[in-house]
Amino acid sequence: MRSEGREQAYVEFVTARQTHLRRIAYSICGDWHQADDLLQTALTKLYVAWPRVQRRGTEEAYVRRIITRANVDEHRRPWRREAPGLEGLDRATDAEGDPTDRTALFAALQALPPMQRKTVVLRHWLQLSVQETAHELGISEGTVKSHSARALARLQNVLTLEER
Amino acid sequence: MTNDLRDRIESSFGDGPPHPPIDVRLEAGRRALRRRRFASSGAIAAVVAALAFTPYAVSRMDDDAAGTIPIARTPSSTPSPSASENQDRGRRHTSTTIAPGHTYAQNPIPREDSPVRFQGDRLVAKHGAHITARASDPAVSTAAVPAGCTARAVAVTDAGTDLFVLGYTCPDGAWDLFTETAGAREDTLPAWLAAVKSAQDGGEGVR
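Residue numbers (the working numbering), protein chains in the order written: chain A, 1 to 164; chain B, 1 to 207.
Some hints could be false.
So these bits of chain B aren't anywhere near chain A, every CB distance computed over 10 Å [what the hints assert, rightly or not]:
| id | residue |
| --- | --- |
| 1 | G16 |
| 2 | A32 |
| 3 | A125 |
| 4 | H130 |
| 5 | T132 |
| 6 | R134 |
| 7 | T142 |
| 8 | A147 |
| 9 | A199 |
Straight-line distance between alpha carbons at most 20 Å, and here's what the computed SDA-like set of lysine to any residue pairs gives [to be verified]:
| id | chain 1 | residue 1 | chain 2 | residue 2 |
| --- | --- | --- | --- | --- |
| 10 | A | K145 | B | A32 |
| 11 | A | K45 | B | P20 |
| 12 | A | K45 | B | H19 |
| 13 | A | K45 | B | R37 |
| 14 | A | K45 | B | A174 |
| 15 | A | K45 | B | R35 |
| 16 | A | K45 | B | R6 |
| 17 | A | K45 | B | L5 |
| 18 | A | K45 | B | D172 |
| 19 | A | K145 | B | N3 |
| 20 | B | K126 | B | D172 |
| 21 | A | K45 | B | K126 |
| 22 | A | K145 | B | R36 |
| 23 | A | K45 | A | R65 |
| 24 | A | K45 | B | R36 |
| 25 | A | K45 | A | E60 |
| 26 | A | K45 | B | D23 |
| 27 | A | K45 | B | L26 |
| 28 | A | K45 | B | S41 |
| 29 | A | K145 | A | R69 |
These aren't lab readings, by the way, just hints derived from the structure by calculation. Even for Gly, the Cβ is constructed at its ideal location relative to N, Cα and C.
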């Protein structure tokens, strides 16, 4: 009985928020398949911790933090540093649907260093405060500010071009 | 700038491909939960088994010191134990064997192997097992059973083996079963519950 109630609440949350949460993962990693993996990892951990997390009302923040932290971990793995594919040859078409689905701004966002990208996503897209962003990324507030300033400066060119 | 950037990022990419069925997500969660519970109960069972084995090991060391069951712990030039001494040691091992396949050191039985399971907050026998006595509101140690959880205890017979089970379920869905063969501590359910509570108050976990 309690298990059914737990699962019903979990299903309601996942159904309502999985699209938004996967977009966060995608904005960080730039690949829908990896975003799916990241989200599944986070939602599995959420299921295990559901009673505690739901009691606190921090379901979304919990998943978001796992997505950003898990992605951090993935990037620290040595095999992730290897460049896929054959250098100099055309890459296969991305299996991500319509290429026009991504704008120049998104491409520029993906070109940012990982922590700058995450800072922009959390701070300027999801509108978290400096303090919240620092907490989610596990870095200091000063580092958030410097990442944010550098990232915005790099994105500025794209933003200006798009406005023309 | 901030709101503008937010809107532009928001509209800079789509929603992506369809999501997998919700059952896939649920099943992954259930598997992870089972793994975690199995791992935690296994670790605690190992600790409890170690605690349970300690008095036996200590008593053997005492016996050794008294010379009743000499054991050569390190290679030495002293003669090996005699045949009668080996027989004594064999009886000692036999007396700690509770049931075929279960020795004292293996108690408690892992909760997955318990002959009962929770149905709601009631303990029911698994196929082939029979509950012979119940304690619907046993006195339990607060050191082992979380506050707000409901405790249940039963005596059960399974394949000719008598066992005692103490379990609890909690409002957040947590549960656990502590199963021992009858006679490992006490011969009756009330006496066993009292012994378990005493042990738990002293730091032994129920899980």
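Against the structure, the hints come out as follows:
1. G16: violated, 5 Å
2. A32: violated, 5 Å
3. A125: Per Cβ check, A125/B is outside 10 Å of chain A; nearest 20 Å; holds.
4. H130: With a cut-off of 10 Å, H130/B remains clear of chain A, as the shortest Cβ separation is near 25 Å.
5. T132: Label holds. Min Cβ-Cβ 27 Å, cutoff 10 Å.
6. R134: Holds, because the least Cβ-Cβ distance between R134/B and chain A comes to about 20 Å, which exceeds 10 Å.
7. T142: holds, 20 Å
8. A147: holds, 15 Å
9. A199: Answer for A199/B: holds, closest chain A Cβ roughly 28 Å.
10. K145/A with A32/B: The hint is violated at about 37 Å.
11. K45/A with P20/B: holds, 17 Å
12. K45/A with H19/B: holds, 18 Å
13. K45/A with R37/B: Holds: K45/A and R37/B sit about 13 Å apart, inside 20 Å.
14. K45/A with A174/B: holds, 16 Å
15. K45/A with R35/B: Roughly 12 Å between the alpha carbons, so the hint for K45/A and R35/B holds.
16. K45/A with R6/B: With Cα atoms ~29 Å apart, K45/A and R6/B exceed 20 Å; violated.
17. K45/A with L5/B: violated, 31 Å
18. K45/A with D172/B: holds, 16 Å
19. K145/A with N3/B: holds, 17 Å
20. K126/B with D172/B: This hinted pair is violated, its Cα atoms lying about 24 Å apart.
21. K45/A with K126/B: violated, 30 Å
22. K145/A with R36/B: Not satisfied, since the Cα-Cα distance of roughly 38 Å exceeds 20 Å.
23. K45/A with R65/A: It holds: about 11 Å lies between the C-alpha atoms, which stays within 20 Å.
24. K45/A with R36/B: holds, 11 Å
25. K45/A with E60/A: Within the cut-off at roughly 12 Å; holds.
26. K45/A with D23/B: holds, 16 Å
27. K45/A with L26/B: holds, 11 Å
28. K45/A with S41/B: holds, 19 Å
29. K145/A with R69/A: The hint holds at about 19 Å.
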